[in-house]
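The listed protein sequences derive, respectively, from chains A and B. So for the first sequence, this note's numbering puts the first residue at 1; every next one is plus one. So for the second sequence, this note's numbering puts the first residue at 1001; every next one is plus one.
The reader is advised that the hints may include incorrect statements.
Claimed, not checked - Which stretches of chain A does chain B cover? Using the computed rule of at least three CB atoms under 8 Å from a CB of chain B, they are:
1. 151-164
2. 193-200
3. 247-258
4. 300-312
Hint data in this document are derived by calculation from the structure and do not stem from the laboratory. Model, not experiment: these values are computed from the prediction. Just so you know, even glycine gets a beta-carbon here, dropped at the ideal spot from N, CA and C.
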Amino acid sequence: MTPPITSNNFIPAARIALADPTLQEAFTTGLRGVRANRLAAMNAFGAAHREALRQQGAAAKRHALSRLPELLEQAETRFRENGAEVLWAVDGAQAGQYVLEIAARHGVRLVVKSKSMLTEEIGLNHMMEQAGIETLETDLGEYIVQIEGGTPSHIVAPIMHKTKDSVRDLLIEKLDMPTTDVAEEMTKFVRGVLRPGFINADMGISGGNFVIAETGTVCLVTNEGNGRLSTGAPKVHIALVGIEKIVATLEDYAALVQLLARSSTGQQVSVYMQLINGPRRADEPDGPEHVYVIFVDNGRSQIYQTPYAEALACLRCGACLNNCPVYQSVGGHAYGSVYPGPIGSVLTPLLNGIENAAPLPYASSLCGQCKEVCPVDIDLPRMLLDLRRDLSARGKDGRVWALGLKGWALLMASPALYRIGGKLAALATRLLPIRSLPGPLSGWTAHRVMPRFAAKSFREQWNDRQKEARDAR
Amino acid sequence: MPAEEQSVKSREAIFGRLRAARQPFAGARSFAEPIPTVPRTEPDAVALEARFVREAEKINCVVHHPADAQAALEAVLRLIADDQAVLAWAPEHIPLPGLAEALAGRGITIAGAKTDGVRVGITGAAAALAATGTLVVSTGEGRGRLASLLPDVHIAVVRREQILPDIEAWFAHLRATDPQVFRAASNHTLISGPSRTGDIGGVLVLGAHGPVEVHVVLV
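One chain only, chain B, in its complex shape (with noise of 0.2 Å):
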C-alpha cells in the first residue's frame, strides 16, 4: 500500500489518541507581550549599528565600513583576489552597484549555483539583526541558499537601513509590511557568524561544513 494510503488511516488513529486525551495544559496560553530574549538597549540607529557590529565581530564576522559605493566594491574585489569565478546572488539583489560590470571586467564569472570549489560566495541580505550579529537571508528569485553555504568565505552586503535590534523585531516587521513574504521564500536561513563545530574533545572550531570567514559589508 502506497504511503499516501497508508498515512491517512495512521493521521485518524493519531488525531483519535490525541482527541481523546483529557487537553493537557487546558488554558495554558502563550505570553499576549512577548518578552524580547535579549533586553533593547539601543535609543537610535547609531547606537544599533555599533551594536551589530560588536556582536558580529563577537562570533567572528569581519565587518567592513567602506566610506561610500566605490569602496564597497572594491572591499569586494580585494577579498575576490585572483579568483576566476564566484559563488553568487544575481547581481540586482546585491546593493553595490557596477559589481557586475566590475566582474566582469576582470573575467570573474558567476558559478552555476551547486558548483563546489568555489572559493568566495557573494549574496546581499533581507535584513540584519543587532542584538545577535545575524544576517538574515530569504531565497527568491536570484537568490539561492548555496552562495552563503557551499565557499569558505562568505561575503554579505547589508544596507545600514536594513539593521533591526532582533529575531523579535524581524517577525514584528514581516507581520506589519507584507505577512505573505514569509512563506513566499522557501528558505529563509539566519546565519551568526562562520560555520563552528565543537565536537571534538569539546573544541571550538571555526569552519565546519559552512563558511570559515563571513565578511559583513555596509553600505
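Chain A on its own, in the form it takes in the complex (with noise of 0.2 Å):
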C-alpha cells in the first residue's frame, strides 16, 4: 500500500519513487531542457555578469526583509489610495474566511484561479469545495492536477511527474479529448474547456510574486496568460500574497522579475509581466471592479524571527528542486508537502513543524549546488545543517542514532580508546569477509560495501615514516 504522504514518510516514499519507471522518465525529460535552458540564460552575458546580478537580486529581497514592517505599511497605504482594499490573516484558515466572506459579498458562483504556491500551502481550493463554491484552477498543469484529484509535483511546473502520454489518458479519460499524441492539440483542447470558465466567472483569485511597496502594485507573471485572464475578466480580483513577497521599488523589481524568468525556465522574461495598482478606473473598459489584497503571514513572522528568516528571500523559481540530486532521482511528492526539494526542506520543518517534517533536513547529500544556482544566494546548506541540529538538540534523532553519537563521543574523547577501537575494527574487518553490517547499522552498508580497514592506521604509518626519515638521517 502506498504510504500516506506526509514529510515524515520521506524514505518510504522516496523509495516507491525510486523504483517507477514512468515517474522517473517524466522527471528525466522535464528537467534535463530547464537546466539547460537556465544555465544558458544566467549565464548569457558571461560569469561575472551572472554573479553580479545574483548579488543584485539577493541585496534587493535582503533589503525589503530588513524594512520588512515599514515596507509593509506603505504598500498597505498605496494599495488603498489606490482603490485595492487591504486584509492581514495571520493564517491559511483566515484567509480562506475572508475569501470565502468575499465571495458572499458579491454573490460570486464560479471562482477562476491562477497558479499560486500561497492558496496550496493553505488549502483553498478545498475550502472553496467545502463552501460549494466551483473553483477551477487554469495554469494548464495545475488544472491537470485538479481533474487528477493529485497534487503539484514542482512549484514552476505542477505535473513535472507526468509524461505526455499519462496527460493524455487522463485527458481522453476525465474530459473525453479526442485521442491525440500532440501536446499542442492538448493545450488546444484544454483552452478550449476552460475558456468558458473565464468569461463566466464571477471572481478571480491569483497570488502574486511580488508586491512593489512604493507604487502598491501586486506583480504577477505568467506564460499562459490564464493570470491575466483570471485578474482581468472576472468583477472581483482576490490576490493573496506572502507577507514576505515585498520589494521597496520598481527597480527592484526590475532586477528581480527578470532573475526569476532566467533562473526558472530560461526565458529572458516571461511573457506576461503584470502589474495591477488596483480596480479598474471610472473610465477603463474592462477589468475588476473589486480588488482584495490578502496578506497572509501562516507563520512567516516567526520565521522572521530566526536565523532562518533568510528562507523568506525565495523567490519561488524551483532552480533548486531542478538542479538538487536528491529531487532529481525522487520527484516532489515523496517531500510531501506543497514545497519539495531543498527549499522545502527547509520551509517545510519551519511552516508545519520540525517534528512533521524530521528526514528533510537530511534530504540532502549538502553537496551545495542549491546555493550555487539560487538567483539570491540563499544559503540553502546552511540551514540544512542548522535544521540538523535543531532536530538533535530536541532529541529527534533516534535512538540508534543518539547511541552511536554517543559511543563516537567516548571514542573520540579517548586516545586509548580510539586506539584500541581501531585496531579491533581493523582486525575484525580483515579476519571476518564483513560485507554489509547488522541490524540498525545495516543502512549505511545498503548502497555501500564496506570498506577493510587498513591494518596499520594513519598516526602508525605516521610514525613509522617519522623513525625511517630519522634513521636515514
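Dock chain one against chain two, each of which comes alone in its own frame, and use the hints as you go.
Printed below as a string of C-alpha cells:
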C-alpha cells in the first residue's frame, strides 16, 4: 500500500518513487531542458555579469526583508490610495474565511484561479469546495492536477511527474478529449474547455510574485495568459500574497522579475509580467470592479524572528529543485509538502513544525548546488545543517543514531579507547568477510560495500615514517 | 465577525511579531546604481529598433515594417481578413490614422470588451522594450486589457519613437516624465510574444490561454 504522503514518510515514499519507471522518465525528460535553459540564460552575458545580477537580486530581497514592517505599511497605504482593499490574515484558515466572505458579499458562484503556491500551502481549494463554490484552476498543469485529484510535484511545473502519454490518457478519461499524441492539440483542447470559465466566472483568485511597496502594486508572472484572464475578466479579483513578497521599488522589481524568468525557465522574461495597481478606473473599458489584497502570514512572521529568515528571500523559481540530485531522483511528491526540493526541506519544517518533517533536512547530500544556482544566493546548505542541529537538540534523532553519537563522542574523547577501537575494527574487517553491517547499522551498507580497515592506522604509519626519516639521517 | 474587523486584530499580531524580531539583514541595501539585466550595447535609435525587431522575432512575434501610414493600415486590414468584428482599443489610442473609417467602411464592428470568440484584437502600446522584444500595454480611457488577451491574434501598432532599451529604462522614463502615470493606470502588462506553455511533457507549445500570434506593426 502507498504510504500516506506526509513529510515524515520521506524515506518509504522516496523508495517507491525510485522504483517507478514512469516517474523516473518524467523527471529525467522534464528536468533536462530546464537545467540547460537556466544555465544558458544566467550565463548569457558572462559569469561576472551573472554573479553581479545574483548579488543585486540578493541585496534587493534582503533590503526588503530588513525593512519589512515599514514596507508592508507603505504597500497597504498605497493599495488603499489605488482603490484596492487590504486585509491581513494570521493563517490559512483566516485567509480562506476572508475569501469566502468576499465571495458571499459579491454573490460569487464560479471562481477562476491563477496558479499560486500560497493557496496550495493553505489548502484554499478544499475550503472553497467545502463551501460549495466551484473553483477552476486555470494554469494548464494545475488544471490537470485538479482533475486528477492529485497534488503538484514542482513549484513551477506542477505536472513534472506526468509524461505526455499519461496526460493524454487522463484528458481522454476525464474530459473525453479526442485522441491525440500532440501536446499542442491537448493544450488547445484544454484552452477550449476553460475559456467559458474565464468569461462566466464572478471572481478571480491569484497569488502574487512580488508586491511593490512604493506604488502599491501586485506583480504576477505567467506564460499562459491565465493569470491575465483570471485577474482581468471577472468583476472581483482577490490576490493572496505572503507578507515576504514585498520589494521596495520599481527598480528592485525590474531586477528580480528578470532573474526569476532566467532562473526558472531560462527565458529572458516571462511572456506576461502584470503590474496590478487596483480596480479598473472609472474610464477603463474592462477589468475588475473590486480588488482585494490579502496579506497572509501563516508562520512567516515566526520565521522572521529566527536565523532562518533568509528562507523568506525565496523567489520560488524552482532552480534549487531542478538542480538537486535528491529531487532529480525522487521527484516532488516524496517530500509530502507543497514545497519540495532543497527550499522545501527548509520551509516545510519551519512552516509545519520540525517534528512533522524530520527526514527532510537529511534529504540532501549537502553538495551545495542549491546555493550556487539560487538567484538570490540563499544559503540552503547552511540552513539544512542548522535544522539537523535543531532536530538533534530536540532529541529527535532516533535511539540508534543518538547511541551511535554517544559512542563516537566517547571514542573521540579518549586516545586510548580510539586506538583500541581502531585495532579491533582493523582486525575484525580483515579476519571476517564483512560486506554489510547488521541490524540498525545496515542502512549504512545498504548501498555501499563495507571497506576493510587498513592494517596500520594513519597514526602508526605517520610514526613509522617519521622514524624512517630519522634513521636515514 | 466580518473580515475587516478580524483583519485589524490580525494586523496587530503580525506587526507585533515582525517588530519584536531582531531586524534581519540590518543594513542591507538595494544597489544604489542598478545594473541593467541585459547590458546596453545599442549606440543609437536605429540599432535599438533593430534590436527590438530581432528580440521580438526570437520570441515568435511577427514584425511588420510598412513604408507609410497607408501601408500600415493595409497590413492591419489584411490580418483582419474577412472577419466581421474585432476587439480593439478606442481608435484614437491606436497610432493608425484612418483606422476607424476603414473598419466602418468594411462593416467591421468593434465588439464589446468581454466578447469571446473574436479572432483579432488591435491595440497600441505605451512603450516597446528592445532588450526583450517586449510590448508594454497600459490600461486607461478607451484602453482595455482584454483586446490584447482574448483573441487568437493580437496586433499592436507601435510608434518607432516608443522603443526604449529595457524594463529599467521604462521605469526611468516614467520617473523622469510623470511618476503619477504609473499609478494612474490600474494595470500595466508587459507582453513578450504569444502565450505559451511547457506543462505537458516539457514540450513548448505556443498559444495557451492568450494569443497564438502577436503582430507588431511599426509606424
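Evaluated hints:
no.	hint	verdict
1	151-164	holds (count 6)
2	193-200	holds (count 5)
3	247-258	holds (count 9)
4	300-312	holds (count 6)
The structure is consistent with each of the numbered hints, conforming to all of them.
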